[in-house]
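Residue numbers (our numbering), protein chains in the order written: chain F, 2 to 219; chain C, 2 to 219; chain D, 2 to 219; chain P, 2 to 219.
In case anyone wonders, no lab produced these hints; they're calculated from the structure.
We put the CB at the ideal spot given by N, CA and C, even for glycine.
Careful: at least some of the hints might be erroneous.
Unchecked claim - With the C-beta cut set under 10 angstroms, the calculated list includes, among others, these residues of chain C facing chain F:
(1) A42
(2) T46
(3) A56
(4) I188
(5) F191
(6) I193
(7) P195
(8) Y207
(9) Q210
(10) H214
4 protein chains.
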Amino acid sequence: MSNQFSIEELLKLTDEDVKMSEKQKKVVEAAIEIFADKGFAAASTSEIAKKAGVAEGTIFRHYQTKKDLLFAIVMPTITKSIAPFLVRNFLQDVTKQNHQDLEHMLRYILENRYEFIKKNHPVIKILLQEVFFHEEFRGELRKVVEEHAVEKLKKLIIHFQEKGEMIDMPPETVLRMIITTIMGFLIGRFIILPDLDWDDEAEKEYTIQFLLHGLMKK
Amino acid sequence: MSNQFSIEELLKLTDEDVKMSEKQKKVVEAAIEIFADKGFAAASTSEIAKKAGVAEGTIFRHYQTKKDLLFAIVMPTITKSIAPFLVRNFLQDVTKQNHQDLEHMLRYILENRYEFIKKNHPVIKILLQEVFFHEEFRGELRKVVEEHAVEKLKKLIIHFQEKGEMIDMPPETVLRMIITTIMGFLIGRFIILPDLDWDDEAEKEYTIQFLLHGLMKK
Amino acid sequence: MSNQFSIEELLKLTDEDVKMSEKQKKVVEAAIEIFADKGFAAASTSEIAKKAGVAEGTIFRHYQTKKDLLFAIVMPTITKSIAPFLVRNFLQDVTKQNHQDLEHMLRYILENRYEFIKKNHPVIKILLQEVFFHEEFRGELRKVVEEHAVEKLKKLIIHFQEKGEMIDMPPETVLRMIITTIMGFLIGRFIILPDLDWDDEAEKEYTIQFLLHGLMKK
Amino acid sequence: MSNQFSIEELLKLTDEDVKMSEKQKKVVEAAIEIFADKGFAAASTSEIAKKAGVAEGTIFRHYQTKKDLLFAIVMPTITKSIAPFLVRNFLQDVTKQNHQDLEHMLRYILENRYEFIKKNHPVIKILLQEVFFHEEFRGELRKVVEEHAVEKLKKLIIHFQEKGEMIDMPPETVLRMIITTIMGFLIGRFIILPDLDWDDEAEKEYTIQFLLHGLMKK
DNA sequence: GATGAATGAGCGTTCATTCAT
DNA sequence: TATGAATGAACGCTCATTCAT
Numbered sequence: 002m003s004n005q006f007s008i009e010e011l012l013k014l015t016d017e018d019v020k021m022s023e024k025q026k027k028v029v030e031a032a033i034e035i036f037a038d039k040g041f042a043a044a045s046t047s048e049i050a051k052k053a054g055v056a057e058g059t060i061f062r063h064y065q066t067k068k069d070l071l072f073a074i075v076m077p078t079i080t081k082s083i084a085p086f087l088v089r090n091f092l093q094d095v096t097k098q099n100h101q102d103l104e105h106m107l108r109y110i111l112e113n114r115y116e117f118i119k120k121n122h123p124v125i126k127i128l129l130q131e132v133f134f135h136e137e138f139r140g141e142l143r144k145v146v147e148e149h150a151v152e153k154l155k156k157l158i159i160h161f162q163e164k165g166e167m168i169d170m171p172p173e174t175v176l177r178m179i180i181t182t183i184m185g186f187l188i189g190r191f192i193i194l195p196d197l198d199w200d201d202e203a204e205k206e207y208t209i210q211f212l213l214h215g216l217m218k219k
Numbered sequence: 002m003s004n005q006f007s008i009e010e011l012l013k014l015t016d017e018d019v020k021m022s023e024k025q026k027k028v029v030e031a032a033i034e035i036f037a038d039k040g041f042a043a044a045s046t047s048e049i050a051k052k053a054g055v056a057e058g059t060i061f062r063h064y065q066t067k068k069d070l071l072f073a074i075v076m077p078t079i080t081k082s083i084a085p086f087l088v089r090n091f092l093q094d095v096t097k098q099n100h101q102d103l104e105h106m107l108r109y110i111l112e113n114r115y116e117f118i119k120k121n122h123p124v125i126k127i128l129l130q131e132v133f134f135h136e137e138f139r140g141e142l143r144k145v146v147e148e149h150a151v152e153k154l155k156k157l158i159i160h161f162q163e164k165g166e167m168i169d170m171p172p173e174t175v176l177r178m179i180i181t182t183i184m185g186f187l188i189g190r191f192i193i194l195p196d197l198d199w200d201d202e203a204e205k206e207y208t209i210q211f212l213l214h215g216l217m218k219k
Numbered sequence: 002m003s004n005q006f007s008i009e010e011l012l013k014l015t016d017e018d019v020k021m022s023e024k025q026k027k028v029v030e031a032a033i034e035i036f037a038d039k040g041f042a043a044a045s046t047s048e049i050a051k052k053a054g055v056a057e058g059t060i061f062r063h064y065q066t067k068k069d070l071l072f073a074i075v076m077p078t079i080t081k082s083i084a085p086f087l088v089r090n091f092l093q094d095v096t097k098q099n100h101q102d103l104e105h106m107l108r109y110i111l112e113n114r115y116e117f118i119k120k121n122h123p124v125i126k127i128l129l130q131e132v133f134f135h136e137e138f139r140g141e142l143r144k145v146v147e148e149h150a151v152e153k154l155k156k157l158i159i160h161f162q163e164k165g166e167m168i169d170m171p172p173e174t175v176l177r178m179i180i181t182t183i184m185g186f187l188i189g190r191f192i193i194l195p196d197l198d199w200d201d202e203a204e205k206e207y208t209i210q211f212l213l214h215g216l217m218k219k
Numbered sequence: 002m003s004n005q006f007s008i009e010e011l012l013k014l015t016d017e018d019v020k021m022s023e024k025q026k027k028v029v030e031a032a033i034e035i036f037a038d039k040g041f042a043a044a045s046t047s048e049i050a051k052k053a054g055v056a057e058g059t060i061f062r063h064y065q066t067k068k069d070l071l072f073a074i075v076m077p078t079i080t081k082s083i084a085p086f087l088v089r090n091f092l093q094d095v096t097k098q099n100h101q102d103l104e105h106m107l108r109y110i111l112e113n114r115y116e117f118i119k120k121n122h123p124v125i126k127i128l129l130q131e132v133f134f135h136e137e138f139r140g141e142l143r144k145v146v147e148e149h150a151v152e153k154l155k156k157l158i159i160h161f162q163e164k165g166e167m168i169d170m171p172p173e174t175v176l177r178m179i180i181t182t183i184m185g186f187l188i189g190r191f192i193i194l195p196d197l198d199w200d201d202e203a204e205k206e207y208t209i210q211f212l213l214h215g216l217m218k219k
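Given only the sequences and the hints, what does the whole structure look like? Please build it.
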């Protein structure tokens, strides 16, 4: 319980950024924009400095290497990416409720992650692009997901299956369907085709309906 | 109909590679390995040359620039990525059959793309990594998908919906669910977690079941 | 005679350091250590500041440039390096004595310079390392040596030669032998191989014997 | 005997340099000049390239780092610096002769090293300047001197002492006097004050006389 | 056709120095 | 007086690309 956080504590994590000096903030903003646009390897520190309106040396006062800058941007987002499962009572809250739990849970996760990616899509784009090239990202993701998300969700799935509400598939497979469907929507919506004319509320509803139909026992 | 191909013609596309000299093939193999491993921008032509066992200059005899080499590797795979829909009679074949059409179609597409990605996952990994950074890839993908896949599949979806077999959602949304679920499986299986101990036949079956449950009218 | 000093005045030169603030002293100490260790050009002011426990800017309050810091450290040692010959009565003192003068003089110089380098070897190491790269050091050395040491010593040599005690060689050559032999010992002892197990008293004696044998008329 | 060389073989070592391309030779020449002039740390590769008339990248085709360039220049000279003692029969040649052996040996060494430093003084200047900053140089010097020079010379010194020709001092101390006196002359002559008006033949003679007087038993 | 030396622009990074606090 | 963030020129080095052989 000691390494879990209340929503308030999680928000504090976000506000830590406030400690940054004005110039440092400018550097981070410019770096996010450029990393997202052309990728880490193709981004140059001189371009970042120019866009941030600082001298190139200023970047290296705050971040020892270009890679450190990338990590400082992406690493916190890796933790925050599983924020719903960091909430202390996530498991109990959901299981104590009635037969509509599954739907509630899916709606909660989708809505919550929708807002998260809506606010952070440039950094998440960077994460998606760079996760292949930096073992550190994969390691951190695996750690954070395995420690805080996988077990909780598998328990929930088994709980729903025992109540006879959910289709009989291995919990890992059900998990894959949930993640795939939700991320498929959000990545399509915010990363791949953000310029399409999305009716967000309708698509969220369809996504939930598709998941419920696909996962619930008839 | 003129820019559509029979299965035989598609296979010929694959065999075009045969025209390449021994050295050229080595270059392409080395480039695929290194691009997939560290990304286009972080790969150096000298490293590719060394791994291919050719001189640095040899690469540039066959490909004017490093980017040309990338394109020569990835572009054909973009076309092949929608191969099932390039087949002349795809639409007729499916719609002329009985009430098990939807399942047959999904099974056909999944099986076919499973084999494709199994054989080509390094190049597909490169495509996934680089599609964000090269407008040319996005343009080609959009063209090929819109011209050959989207319309056919939307017609099919409408056909199933009119037969009362498929859930009532906008065809584009149904398409998204199908693509998301199938690609979610294949990318997870071959690109993100290829080292997991997958029971492929079972997972394929679950994926089909999930799609059928999610998309069929009860 | 006006620019010559008594022993007391020379000591005062040493005590000038007292005027420095605590921080300034720390800077000088750190700079000596780092300049001696890695050379002036490869030493960074930030490293000096860190080792001295002051801010980077503090160095430049006391010394306008990094070179000024080097000069402030080394220049006084250039003067002190010929201290024995700065003593007002060096010449008279030696020539007024008996036939053992030569030996006395050599012992005096060797002993005196042995103590000097024992106390100041880090700065002398810096001087030896940097004298090639800074014309200012060569200029100051030449000035100080020519003005205060060469003429006195040449007169002494001629004096000993006229007394028939010393071998007939050009006085400059004799001077070279003396300097070479004494500095060869001291540099070997304190700069090049300080970690060897030296028997200092014996080696001093051998050095004197070698010089006497080599220079005295048989 | 296997790792010892005839004069001819040693000369071949020198001629190996011939394998270098024209541009590479230019780079080495420029680097020697600039390293000797301002020291390794203060020399810039762009300045070397400019003086050599090549592109900066050309330097790094032949030498992976600036330090490699320094080592390629200096390391062979470390070996050659003890060339006389690498000659197969150095020891026998000298000891088989008559009472004038000591003088012959000293004359041979002085003359030989005089010619060596006359030809190579820029590289030797670099070695003297950089030996303090690069453990690799000290290591190589120690190895080469201990393996090939020290033992041979100590045996010779003991041989002369047993014949009663040489003063009774520890052989290491005698060695120090010889090295100090010869190097003192050569370094003064070629490195420190090369612009003085030296009468080389006379100074060589004085140096030998001083050594003989200083070391021979009366 | 293949080579690999040569190029030079551009990279990430360091550094002595300045200056507002 | 002392600080340390900020600067920007210069550094060592890499790279895609060219071209004489």
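Results for each hint:
Hint status for A42 of chain C relative to chain F: holds, with the closest Cβ pair at about 4 angstroms, below 10 angstroms. Annotation: interface hint on T46 of chain C violated; nearest CB of chain F at approximately 14 angstroms, more than 10 angstroms. With a cut of 10 angstroms, the hint placing A56 of chain C at the interface with chain F is violated, because the nearest CB-to-CB distance is about 25 angstroms. Taken as an interface hint, I188 of chain C checks out: its beta carbon lies about 9 angstroms from the nearest beta carbon of chain F, inside 10 angstroms.
A distance limit of 10 angstroms between C-beta atoms decides the matter here; for F191 of chain C the minimum to chain F is near 13 angstroms, and the interface restraint is violated. The closest approach between the C-beta of I193 of chain C and any C-beta of chain F is roughly 9 angstroms, which is under the 10 angstroms cut-off, so the hint is satisfied. Using the Cβ-Cβ criterion of 10 angstroms, the hint placing P195 of chain C at the interface with chain F is not satisfied: the shortest such distance is roughly 12 angstroms. At its closest, the beta carbon of Y207 of chain C sits 5 angstroms from a beta carbon of chain F; the interface hint therefore holds under the 10 angstroms criterion.
Taken as an interface hint, Q210 of chain C checks out: its beta carbon lies about 8 angstroms from the nearest beta carbon of chain F, inside 10 angstroms. Interface restraint check: H214 of chain C against chain F, minimum CB-CB distance 5 angstroms, threshold 10 angstroms, status holds.
Of the numbered hints given earlier, the model fails hints 2, 3, 5 and 7; all others are met.
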